[in-house]
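Asks: Now for the letters of each chain:
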Amino acid sequence: MRRFIKYSILFALPILLVGIVFEIFLRKIPNDYAYKRGYLDKHSNELRILFLGNSHFYFGIDPQFIGQHVFNASHVSQSLDYDYAILDKYKDRIENLQCIVLPVDYFSLFTTLETSVEDWRVKNYRIYYGLYMGNVLCDNFEIFSILPKDNLERCIQYYSKNKSSISCTELGWGFEYLSSKSKNLDTTGMTAANRHTIKTDKHFNHNVAVLNRLISFAKQRKIKIVFITSPASSAYVTRLDSMQLNRTIQQMQSLADNKDVYYLNLLTEPRFLKEDFYDADHLNEKGAQKFSVIIGNFVEESLGK
Amino acid sequence: MLFNSLNFAIFLPLVFILYWFFVGKNLKLQNLLLLVASYFFYACWDWRFLFLLVFSTLLDFYTGLKMFDSSNIKMKKFWFWLSVIVNLGFLGVFKYYNFFAESFAQSISYFGFHVNPRTLNVILPVGISFYTFHGLSYVIDIYKGRIKAERNFIDYSVFVSFFPLLVAGPIERATHLLPQIQKSRTFDYTQAINGLRQILWGLFKKVVIADQCAQYANMIFDNPSSYSGSTLVLGAIFFTFQIYGDFSGYSDIALGTARLFGIELLRNFAYPYFSRDIAEFWRRWHISLSTWFRDYLYIPLGGSKVGLWQKVRNTFIIFLVSGFWHGANWTFIAWGFLNALFIMPSILFQTNRNNLEIVAKGRLLPDVREILSIVFTFSLTVFAWIFFRSDNISAAFHYIAGIFSSSLFSIPTVRPSILFCILAVFMLVEWLGREQQFALEQFALKWNRAIRWSMYYTIILAIFYFAISDQQFIYFQF
Chain A
-17 MRRFIKYSIL
-7 FALPILLVGI
3 VFEIFLRKIP
13 NDYAYKRGYL
23 DKHSNELRIL
33 FLGNSHFYFG
43 IDPQFIGQHV
53 FNASHVSQSL
63 DYDYAILDKY
73 KDRIENLQCI
83 VLPVDYFSLF
93 TTLETSVEDW
103 RVKNYRIYYG
113 LYMGNVLCDN
123 FEIFSILPKD
133 NLERCIQYYS
143 KNKSSISCTE
153 LGWGFEYLSS
163 KSKNLDTTGM
173 TAANRHTIKT
183 DKHFNHNVAV
193 LNRLISFAKQ
203 RKIKIVFITS
213 PASSAYVTRL
223 DSMQLNRTIQ
233 QMQSLADNKD
243 VYYLNLLTEP
253 RFLKEDFYDA
263 DHLNEKGAQK
273 FSVIIGNFVE
283 ESLGK
Chain B
2 MLFNSLNFAI
12 FLPLVFILYW
22 FFVGKNLKLQ
32 NLLLLVASYF
42 FYACWDWRFL
52 FLLVFSTLLD
62 FYTGLKMFDS
72 SNIKMKKFWF
82 WLSVIVNLGF
92 LGVFKYYNFF
102 AESFAQSISY
112 FGFHVNPRTL
122 NVILPVGISF
132 YTFHGLSYVI
142 DIYKGRIKAE
152 RNFIDYSVFV
162 SFFPLLVAGP
172 IERATHLLPQ
182 IQKSRTFDYT
192 QAINGLRQIL
202 WGLFKKVVIA
212 DQCAQYANMI
222 FDNPSSYSGS
232 TLVLGAIFFT
242 FQIYGDFSGY
252 SDIALGTARL
262 FGIELLRNFA
272 YPYFSRDIAE
282 FWRRWHISLS
292 TWFRDYLYIP
302 LGGSKVGLWQ
312 KVRNTFIIFL
322 VSGFWHGANW
332 TFIAWGFLNA
342 LFIMPSILFQ
352 TNRNNLEIVA
362 KGRLLPDVRE
372 ILSIVFTFSL
382 TVFAWIFFRS
392 DNISAAFHYI
402 AGIFSSSLFS
412 IPTVRPSILF
422 CILAVFMLVE
432 WLGREQQFAL
442 EQFALKWNRA
452 IRWSMYYTII
462 LAIFYFAISD
472 QQFIYFQF
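First to last, the protein sequences are chains A and B.
Using the numbering used here, read the first sequence as starting at -17 and increasing by one per residue.
Using the numbering used here, read the second sequence as starting at 2 and increasing by one per residue.
One chain only, chain A, in its complex shape (with noise of 0.2 Å):
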């Protein structure tokens, strides 16, 4: 026994220490989480107001155009429970806080990240956010959350090329979705609304719980809570079920009292073109532009109220 446990020692302490050695370097690669938590951990006493929610968010929402203070916190695929654990994480610090603005779209009532083709992304909150949600034991980790393939290629760029993996503004606006870029709309807006349309509804309580929840966390801070569905284009839309979509609009219908609680739907926008959109249900750069300042004027409406 003696002799097995030496040499599996010997055996396995490379591959341990390489492992090491990997995760650590992964991890000082700078990416949108890391930032993200680092701004908030900074400004967030600062801020005014702040948005949530996922890539219809972070590609959609760019602060510059709303005003000072404002802060785009959303992530791609960030669901509705890791919007609230933002919040719930800087609870002590957003004294100056005034509004939160997050997307409620066509699907966010009906998943969650770890039950997403995106659960890969759960490591991040922990990593970076020191968010515990979940129990799969890989989140823990970079090294066994993305493949080894691709997390060599990280490392490659950024250690040997310098590109880190930031993809958003200072104040958090993912920039990555430019109009140069736009992708088939009609393609694109097949694959999203089957992805989008989910054949199971054992999601949608947890998710209007946790949207309660923020609004009577919000409600006692005295801080105004706006909900979108943001903008799509008809490829998209067209495509979608019309169940879960109308469940999803009467329930937030039902939430807005438009004291405290707000909800605006853009799905439909007349006001956004086929030359907004980056794909069938993501904003260009353009696009962004415009959504923001619509956002903007309503947010500092509800304000005024």
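Check the hints yourself; a few may be wrong.
Said to hold, decoys possible - Calculated lysine-lysine pairs in the DSBU-like style (CA-CA distance at most 35 Å, straight line):
1. A/Lys(-12) with B/Lys447
2. A/Lys(-12) with B/Lys26
3. A/Lys268 with A/Lys206
Unchecked claim - What the simulated footprint calls covered on chain B by chain A, stretch by stretch (three residues with Cβ under 8 Å from a Cβ of chain A suffice, anywhere in the stretch; the number is not a length):
4. 181 to 193
5. 451 to 463
If you're looking for bench data, these hints aren't it; they were derived computationally from the structure.
No residue lacks a Cβ here, since even glycine has one placed at the ideal position from N, Cα and C.
Mind docking chain B on chain A? Use the hints.
Replies: This is chain B only, laid out in the frame that chain A set:
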């Protein structure tokens, strides 16, 4: 908990340490620990089905005792049939109910009757086909007087639920595994090291061979109309390697893991793609299932000691049942039927036991005749796998029709050169190690530590490099 997951990489050393350092040579504690670990392992899939496993274990344990203690032949029969009917009943409900209901509805629709069958919305309990067969073999062996009933429930439960074999075999026999469970195990360095080696080789087969081939096989099988005949052939070959890497890789990990606990499981694969005829292939592919059907179905039906036509009938029965065991789909039955057809010449001309030894034993290379036989047998196997992989029979025929088109002799449009190289190296290693239990063992016997370790590190590097997230094992669905 998948074998190729981080959870298992933590679970296994933990159980190993508890087993050898805390429990020591105390047999009762060794078995109790293995049982707790096995139930925990199974509960990680779906804890609700643990009740089914415990119930099935209790049923076979109890009926086994009742049968063994009964001097009345009628009572013996009663307990035997109770166990068989309940075991197969569970399997039937969970695995085959929807298939029969839908097939019935479809067949009567041909006569103008239309019914909406009430289908069950249940998921198949993982490993049910495997642990049901464990239990059945135990009950049949007692009924036939081949073994005594086990009186220790913990020991019997470990026999049914030992975690390395619980979800996808090998399908063990009481005569082979129970005596090992009844005996205190002592640590054996060579056995443990060999176990680790076999786990490593199994992981390589799963991650590097099966999962890489799966990407191309899925791509081609999911959309066969978009590819040329030659690409479709390649797709079928990729699936042939995928299923071998997947299932034999799983079996290697299972056998290697068991060895770490001082237990030798039945061998499940013996280089089947080097077979020279289909009969040999079936002696080398999923051995524990083939021998199960041989011992508990083929021989009771008369085996080979009956007339020629009965032998033909028995062979068809065995292969059709074997196909059906894999899943409730006509594709599996067609796959079984095809294999029965392929083996017929060997049965009719009584050449089915011609190739008992591994090909070119003691030689480096096979002769031309052997090469041709291997290629021919491999081609038949590839053809049959098309049915196994297809979603339904018409998809399989559509795929085959696509192969036999004018584009059969064109250059395939899918040409993953790295995968071709990996497959070539893999087959070379398998060839060189074909006289051992598993290919990597060959190098362990010949090379010095520095070279051996370098090879192990290279394999580990390849496993990490080619890893794809959340890849299930194919046989977990059976």
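Asks: All hints, please: hold or fail.
Replies: Here is how each hint holds up against the structure:
1. For the given pair, A/Lys(-12) sits about 22 Å from B/Lys447 by alpha-carbon distance, which is consistent with the 35 Å threshold.
2. Distance hint between A/Lys(-12) and B/Lys26 is fulfilled; the C-alpha atoms sit about 21 Å from each other, no more than 35 Å.
3. Under the criterion of a C-alpha separation no larger than 35 Å, the hint pairing A/Lys268 with A/Lys206 is consistent with the structure, at around 27 Å.
4. Requiring three or more residues with a Cβ within less than 8 Å of a Cβ of chain A, the coverage given for the stretch 181 to 193 of chain B holds, as 3 such residues are present.
5. With 4 residues having a beta carbon nearer than 8 Å to a beta carbon of chain A, the stretch 451 to 463 of chain B meets the requirement of three or more and the stated coverage holds.
Going through the hint list in order, the structure satisfies each hint without exception.
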